[in-house]
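Just so you know, the protein sequences line up as chains Z and H, in that order.
So the first sequence is residues 157 to 242, counted in this note's numbering.
So the second sequence is residues 7 to 191, counted in this note's numbering.
Treat the hints as calculated values from the structure; they're not laboratory data.
Note that this is a predicted model, so its numbers are computed, not measured.
Careful, some of the hints might be misleading.
Unchecked claim - So, partial list: chain Z residues that the calculated Cβ filter (under 7 Å) puts toward chain H:
#, residue
1, P162
2, E223
3, V227
4, A230
To be verified - If you anchor each label on the Cβ, the simulated ranges turn out as follows:
#, chain 1, residue 1, chain 2, residue 2, range
5, Z, R170, H, D9, 20 to 28 Å
6, H, E180, Z, G205, 34 to 42 Å
7, H, F43, Z, G205, 39 to 47 Å
8, Z, G205, H, S181, 40 to 48 Å
9, H, R185, Z, P184, 56 to 64 Å
10, H, R165, Z, N225, 39 to 47 Å
Idealized CB from N, CA, C, for every residue including glycine.
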Amino acid sequence: MRLTCPVCGDRDHREFTYKGDAVMLDRPAPDAGTDAWDSYLHLRDNPCGDTRDLWYHDPCGAWVVVERNTVTHAVTGTALASEAKR
Amino acid sequence: MVDLIAKSACAGLLPITIGSLTLTEETPDPVTSIAPFKGQSEAVSERLESALGLKFPAPNRSASKSGARIVWAGQGRALLMGAAAPDLAGLAALTDQSDANAIVTLKGEGAEDALARLVPVDLRAAHFKRGHTARTFLGHMSASITRTGVDSFEITVFRAMAGTLVHELTEAMESLHARRSHLGQ
């Protein structure tokens, strides 16, 4: 598996650490209520198809949003988490 | 009063020559990490250029001039080696890294073949030219690898990894040499 770090370029996946679903970028407001926070912290979809994950590129320190497909294993895009808009 | 003796990171371990390859330690002094504050990259680059003739490097690039080298070292950070940093007060965070790293040069015909056994990046000259640098892994270590010549690479890892770095590189040099001897090359 190859992932493209938006900073360094095309790299082997051993250079990356998987974090989890990119919904973590959408932190609810502090007063959003327990349901929103429960969902944010604990509830994840298990999609069959397109998904967005957060990966960390260990050597350069970039957080990367990776768009990939869980069925075909195709990686369709990467972006810096600091610039990603949902 | 105890006399303290300064030792380099690879003291007692290097230099080593195996076949066509030599591994030697570099001890640039001082080494400074330069991390420009938000929006100050241009100003830092201008200040560096007027003082040392070196711009702040783009990702995956390095530059050298008159014994000083500046190497991109990750997002928003570069290592300046072999020259004192100019005054960058208010523009960048500077951290003295003079004794923080183990820095070695692998030189000789086949250097990229030895590194190919350890590094998951294509370091062949067609892709990775003089002055190109990569933040990547060497074995299981985070490393900064820069091509400094036709057949030479400068490799930087954390100082505590010096023994492992020399061990990994020596093993790759030995196995490459054994394979080439066996094949009569």
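Hint by hint, here is what the structure shows:
Of the supplied interface hints, the one on P162 of chain Z is violated, with its beta-carbon coming no nearer than about 9 Å to a beta-carbon of chain H, more than 7 Å. Proximity of E223 of chain Z to chain H is violated relative to the hint, the smallest CB-CB distance being about 21 Å (cut-off 7 Å). With its C-beta approaching chain H no nearer than about 26 Å, V227 of chain Z sits outside the 7 Å limit, and its interface hint is violated. The interface hint given for A230 of chain Z is broken, as the beta carbon of that residue sits about 21 Å from the closest beta carbon of chain H, more than 7 Å.
As the Cβ distance of R170 of chain Z to D9 of chain H is approximately 45 Å, the hint placing it in 20 to 28 Å is violated. Here the CB-CB span from E180 of chain H to G205 of chain Z is close to 48 Å, at odds with the stated 34 to 42 Å. For F43 of chain H and G205 of chain Z, the Cβ-Cβ distance of about 42 Å falls inside the hinted range of 39 to 47 Å, so the restraint holds. Hint check: G205 of chain Z to S181 of chain H, Cβ distance near 44 Å, so the stated range 40 to 48 Å holds.
For R185 of chain H paired with P184 of chain Z, a C-beta distance near 58 Å keeps the hint of 56 to 64 Å intact. Range check, R165 of chain H to N225 of chain Z: about 42 Å between beta-carbon atoms, so the 39 to 47 Å window is met.
Violated hints, listed in ascending order, are 1, 2, 3, 4, 5, 6; each of the other numbered hints is respected by the structure.
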